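The residues making up each chain are set out below.
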Amino acid sequence: MSGTHSSSALPAPIARLWESLRERSRSKRALLLMAPLLVFELLLFVAPFLILLRISLTDGSQDLRYAPGTWSISGYGEVFTTDVLLNAITYSIKLGLLATAITVVIATFYAYAIWRSEGLVKSALLFSVILPLLTTLVIKTYAFMPLLSPNGTLNDVLLSLNLISEPIQFVPGTVGVVVGQVYIVLPYAVLAIYSVLATMDWGIVEAARDLGASRPRSVLEVVVPQAMPGIIVATVISFAWSVGAYAAPGLLGDGQNKARAFALVVEEQLLTNLQWEVATAYAVVMLLLMVVSIVLLTATLNYFGGEFEYA
Amino acid sequence: MSEITLSGLEKRYGDTLAVEDVSVTIDDGELLCLLGPSGSGKSTTLRMLAGLETPTDGEIHIGDEDVTDRPAYERTTATVFQDWALFPHKTVLENVAFGLKMQGTGKDERRERAKEMLERVRMGEYADDDPMNLSGGQKQRVALARALAVNPDVLLLDEPLSNLDKRLSEDMQIELREIHEELEETFVHVTHDQDEAFTLADRIGIMADGSLVQVGEPNEVYENPKNRFIEAFLGDTNFVAGEVERTTAESVHVETELGREVVLPRTGDADDADALTEGESVALSLRPEVLSIEPADAATSDGESDRTQPVRTDGDTTNAVVGTVENVLYRGSTIRYSVAVEDTSVFVERTVADSGAFDAGDEIRISWDGADVLAFRDDGSRVDL
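Those protein sequence lines, which keep their order, are chains A and B. If you count the first sequence from 1, position 281 lands on 281 in the working numbering, and the numbers rise without skipping. If you count the second sequence from 1, position 204 lands on 204 in the working numbering, and the numbers rise without skipping.
Okay, chain B solo, but in the shape it has when bound (with noise of 0.2 Å):
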């Protein structure tokens, strides 16, 4: 039983604060995701749970014990870090029999486990090596080793991908993912990278500033995330200041910078207290893979004489505008256009495969449903429709 409780967790270094109020639940078994920007605490958080730092106030359990004030020896812990820390003074096969030996298992068993270790992550010919003289992937297979050979409660993993190539990388997420599933222990993996929170987690957990903002599985917080940090931390998005006109029981009108004025439905469940106050500014978030494109002319060809307020129909929450594309930006299997609206700029993609593609110049008509935008308060937080 491995379930990690953490509660209240505070780190304070003088008048920082690093980790501030910091409560989860982790699942036995689960993989956990702490992603945020450099800075925001979560390798703080996860030295906590090693045990390499203590916290200046609240709790932590592992299983039914609390182990706040217990060394890192002491805990079933097991720490894949991030400049993986090999001993440079001993072989491969050494360094994965290190926590063995710690725990006073025979030199014989301890060797032979660490072989099995090392076959495990494919690096049984290096045993007698010096670690030194691995590379990157290699160093990162062997700590990966060591740390499963103890068959830790929980595997702590701090960044352990980023000083890695983008394909290296890439293909220890899956092996990573593989080997959780083999071993159905708790894992707790800090990230800066998105793309390797979402390949990897079972929950994710989003810090910002020390704080743990919200946890929940990838879609979830991708797609309903807490507050404006998150949406801009998760992808990438558009951002269009606005002020709220009208509101009526179905929908909600906000005059934006676009130069006009964008109609997000309610969704009915919203809480009055939490309902808009016309005047009030927002800001909409429009995600490029929201917005669909196609030439400006093709959209005023049907008989539209003001191309920026198309026909709706009761109930339709199409939106559109039309901007011209500033410029083109190749990214490899996508393109991204940034196209001036008005006064501003909203950047929209295309995979390259899409027929048609735009030159600086072109005017294009840009087209979303109301109901795949957010809005977001100034203070930050989503406002809930």
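The following block holds chain A by itself, in its conformation from the complex (with noise of 0.2 Å):
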């Protein structure tokens, strides 16, 4: 179904996504009507990171936070140097996967639980959701500080439960990191998922179960495979947020030097060691590597989403 000409060779979304683009662009009237976006996306996208990537070409030996017209890759020099970058990277795309595989599988939980109910309790649900969105990132990244650090009332109900001898450090530390990144993403994971899951009938559902499907098994028949486009965009809202994440890790974790995430690490450079070229390499080589990962995993996920319509 996909790839069938010379877009063969490029992973499917993206040779979709080419495909789509070329049809759409035969039509000059869908030009003109996307030129808006199209100057909304240069001035505001495109253009800064022209800038971001050429000061990440000056050099930084001089002593100024960068220098205007210098060129140099001193800059990426340091980056792929220094372990920094490695610890970074890794630290990262951990995070990112941890949070991601929990944010979604919740998530799809979540949307099936609001699609399936009626009523108060829906509304309910729907409501506890976007709750947290009218909050700043802030405020209920910090609120995780009483709730779990070593004298806080989880410990404190674990510790007068008798489940524990002893109060657990969560915060400031992975757990804290991952927990609060994962309560910030999970609203618009669990958005994704349900606003494709409620545009499907629940008869399929029913059609299923009534041709001998477990309830287990038509959900994963049935739903998760319609529910698909919702699960991707959201594993990659999921994941895109979470290996760039900067108040969760900053505000919940411990900042050891090998537990550090990337956009800390950009932070330090750009904000504590004044080396923009430096912090700005790091941007680049973050963002490259964000969208191999991205198209990666929508890819592997496409592939899954694939597998399921085989009789």
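Treat the hints with care, since some could be wrong.
Stated by the list, open to error - Residues on chain B that point at chain A, a partial pick, calculated with CB under 8 Å:
| hint | residue |
| --- | --- |
| 1 | TYR13 |
| 2 | ALA50 |
| 3 | TYR73 |
| 4 | ALA78 |
| 5 | THR79 |
| 6 | ALA85 |
| 7 | GLY99 |
| 8 | GLN103 |
| 9 | VAL150 |
| 10 | ASP193 |
| 11 | PHE229 |
| 12 | ALA232 |
| 13 | PHE376 |
| 14 | GLY380 |
| 15 | SER381 |
| 16 | VAL383 |
Stated by the list, open to error - Just the calculated beta-carbon pair ranges, DEER-fashion:
| hint | chain 1 | residue 1 | chain 2 | residue 2 | range |
| --- | --- | --- | --- | --- | --- |
| 17 | A | PRO36 | B | SER38 | 46 to 52 Å |
| 18 | A | TYR303 | B | GLY14 | 43 to 49 Å |
| 19 | B | GLY14 | A | LEU220 | 40 to 46 Å |
| 20 | B | GLU178 | A | LEU21 | 48 to 54 Å |
What the hints contain is simulated information worked out from the structure, not anything from laboratory work. Model, not experiment: these values are computed from the prediction. Using N, Cα and C, we set each Cβ at its ideal position, and we do this for glycine too.
With the hints as a guide, bring the two chains together.
See below:
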């Protein structure tokens, strides 16, 4: 179904995007309609990125935040010669995968619950997913401090139930970072999956059960493949956001050398070390890695999404 | 053995009683149509049979087994849904093979059997198509093949033809009938379309307000309806209000709003307890097919002076009234005349092929045999004459 001719060498989603863009660009009218968006993207996304790219290529040997007009790859030199990059990548990707996996699983069940519920319960479930979106990121992330810290609520409860003998340090630490990050992205993931489920006909699940599919089987055979577009969107949002996360690792992480998220490394170079060419070089490398991993991720999910189609 | 027994089946949604005390035995290999207007509980009854709804009371037996609390996926029923409910992300063949896949049939075998089923419903060439690209009639066939592929003991059809146009629906009725005869499986078919029910059914179960009012062979429920609801629901009829004037051993005389007395012969086997009392109000059903019409002057020309009171010999139960044609409705093969008689109006029908069409304003004489008239009490129950 994918990769008909010349585009077959590309990963399926890219090939599809390319095909649809080519098809669309055939019509001048469509191009005209897209113009405002293109201008918007150029001004607010492409142009700043080019500036960023330019700064990453300046000479950092002068005692300046960055030296306009100079050319050098010293920024990238520092990125690739120290183990900071590798540590940060490892930590961020791990955080991204872990947070994404947890988020998507919870979000799928949660979205299914919203879809299947009715009346007040449905409103309550939807409301409680939207409510966190109305709160500032920093506040809701910071709220995990009193909850998860060694003398916080969770430890108090665990201690009083005699489940643990000594307080566990969730925060600051990686457990706290993951929990905080999941909490940040979960609403978006839930809404992405729910929006797809909402358009689905419950009748096909009944048909599956009628034909002998058990409850879990009918969900796996009928609901998941149908919800796949939403699950893919949820995964990409969760992953991109978690890998590039700044608030959760910054507020809830312990900041140890090997447990430092990428965004924190960039921040340090940018605001503490005042080495903009290094900071921007990190950002550029990170961006490329992100693009590659999201393409891989989407392709993988599409592949598994397609698996369900075989009878 | 797949005889189905429903006993005292009830489904309640909060305060709403959707299905009330439905009891019926469906014979092995029988095609039973549940017929009723929307909201009569027929689909809910079917869904309980399928296991998609849990009854709040009563029992369902399929064969010797009590399946009341058994989920849909553990029942030997298969359903064809009203909106077909085909799986959109699977091909036509995968849709049909789905049930076999769930049963654990091997890939090659289930594909082969799915192909066979598709051939049977003449959809073989669409095996690899996306079901969403099919027409309504084609989707219907795929849904049927999908349900038949699991070789169910009971096939449940939930208004499967109601989304098709008239012609297609009629073709499918014949095909369903053929498939039923070929498979000799038990079919339960839900519909609100009486033509469909009469074409398909071995027996018809009429539902109203959640209750199963009458079960019987098509001609039996049509000719011998249990109450006024069924008489009104099946086909068209004129209800004429009247009051019992006097009863004799042979006949019942009813003074009607037609401005004259209608004589109904008594069949004689009626229970005395069921006898009508004088002054009791009744509704008489005059079906258009029992009414014959002719120009009014044809009747008066043979010397009849009082045209609403023709000469009647003893034992003759012919009744006649004269009225004025109010309007004429062409309905394709038939013409329907609405005729004003005294304070009320009745409609009569003629096939287009009959000679002598009438126009509005014409006086016509309507006559019928009193033996063809059914009478109903105020509470809707049928009067056993």
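Item to complete: Sort out which numbered hints this structure fails and list those numbers smallest first.
Response: Hint check: 1, 10, 11, 12, 13, 14, 15, 16 and 19 fail, others pass.
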